[in-house]
Amino acid sequence: MKSAAPIAAVLASAASTGWALVLPAADANRGCSNVSHDVLGNSFCREVEQITYTGLAHKGSYQAVTSMGDSADQCGRQTKEYDAPLGVFEEELSIHIRGPFKLNQMAVYNFGCVNETWHRVSYYNASTQEADNLVFLGNYGGQGSGEFDFPPMIYEYMQVVGLADRTIVFDAHSVWGNSLSYINADATAGSETPEILADVEIPSNKEFAVFSGQKCNGACGFSRVEDVAYHGFGGGNKAFLFDFQMPLDNTTGFNADMPALWALNANIPRTAQYNKCSCWPTCGEFDIYEVLASGDSRCKSTFHAARRGGTSDYFARPSGHAIKIAVVFSAKAEAVSVRVLDYGTVFGHHFTDATVDGWLEGPVDRTAVSTFRVTE
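Numbering (mature numbering (1 follows the signal peptide of the UniProt record, and there is no 0)), first residue to last: -20 to -1, 1 to 356.
Keep in mind that the hints were calculated from the coordinates and are not lab data. Among the hints, a few may not be true.
For lysine-lysine, the following BS3-like pairs were computed, each having C-alpha atoms within a straight-line distance of at most 27 Å [to be verified]:
id	residue 1	residue 2
1	Lys312	Lys60
2	Lys195	Lys256
3	Lys39	Lys60
4	Lys39	Lys186
5	Lys195	Lys60
6	Lys60	Lys186
7	Lys304	Lys256
Go ahead and model the full structure; you've got the sequences and the hints to work with.
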């Protein structure tokens, strides 16, 4: 396959036009150099260490939730418009994780235009139990915090058989199930108050979310439960660093041994992550590292929004050892990149713009780099 020009050179030549990243045709949406393997409907091409996405810049809209009533047909909505270099992904994002997963560190950075430095705004370290400006939530509403409700017939049955837990506040006229809640330190159940995620491995089919530590206080639009409504991580120039492992646990069943790391428009979980009363998918989901079949050793990456798609190239699942990755959202380059970092990378308080641009651009040797242009 013909080698493409390094993105560094492309960025340099594009600086005078507002840093729009225009990939060479040979490096955009390229096909497999080897035969693609279809597994359970998913195609896989080659293992890479970086995937860069372009084509996200556009003007669009989605139906934002404004209310949730007492029945499934009472989901209020209104049109919300956006027009940005990264489309809807410049809005606030929440981070989501499904086990088996071991999160060692996570850091979030925003770009400062004054001194052209990326500043760390949130940080978590499992071993030291440091948690700065972030909160751990999950879909365990009714277990200490948040809300949980059943459709009327199920609620009445639970009362008859004595299964209605008095610690859960039921609304016999609603159908929305679990809201967000605080989670316990093991990320396996709800909690009354915020807890720091322990230094533990999250088991299969257990999920949790990470938001910023700033409460919405009514400033995030509609949230089903304002008490556990937190801001996500916003802005057109933001970077997420993760230190994690996806161990094999050899379990079977629904979502068994299928770890995932992804980002959602934070409006989705604040209303109903797994219910139709949300703005998903047009308001945005980005699957960063996702295993699509039980026990598989490959992780796919895909965008779900008005502009959507993903390459058939994949990342190796870090099952036997931890890795560090950078997920860079760059409005100035009109690109998003996921890149495996040297494991010696320190999640410091600051990074220079040149360092983060280097993560985005990728190495001069492009053999382990994939690029993909999302489309409508």
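Against the structure, the hints come out as follows:
The straight-line distance between the Cα atoms of Lys312 and Lys60 is roughly 23 Å, inside the 27 Å bound, and the hint therefore holds. For the given pair, Lys195 sits about 25 Å from Lys256 by alpha-carbon distance, which is consistent with the 27 Å threshold. Distance restraint check for Lys39 and Lys60: the Cα-Cα separation of roughly 11 Å lies within the 27 Å cut-off, and the hinted pair is therefore satisfied. Only pairs whose Cα atoms come within 27 Å are accepted, and Lys39 paired with Lys186 is rejected, the gap being roughly 36 Å.
Distance hint between Lys195 and Lys60 is fulfilled; the C-alpha atoms sit about 22 Å from each other, no more than 27 Å. Of the supplied pair hints, the one linking Lys60 and Lys186 is violated, its CA atoms being roughly 32 Å apart against a limit of 27 Å. About 34 Å separates the Cα atoms of Lys304 and Lys256, which puts this hinted pair outside 27 Å; it is violated.
Hints 4, 6 and 7, counting from the list given before, are not met by this structure.
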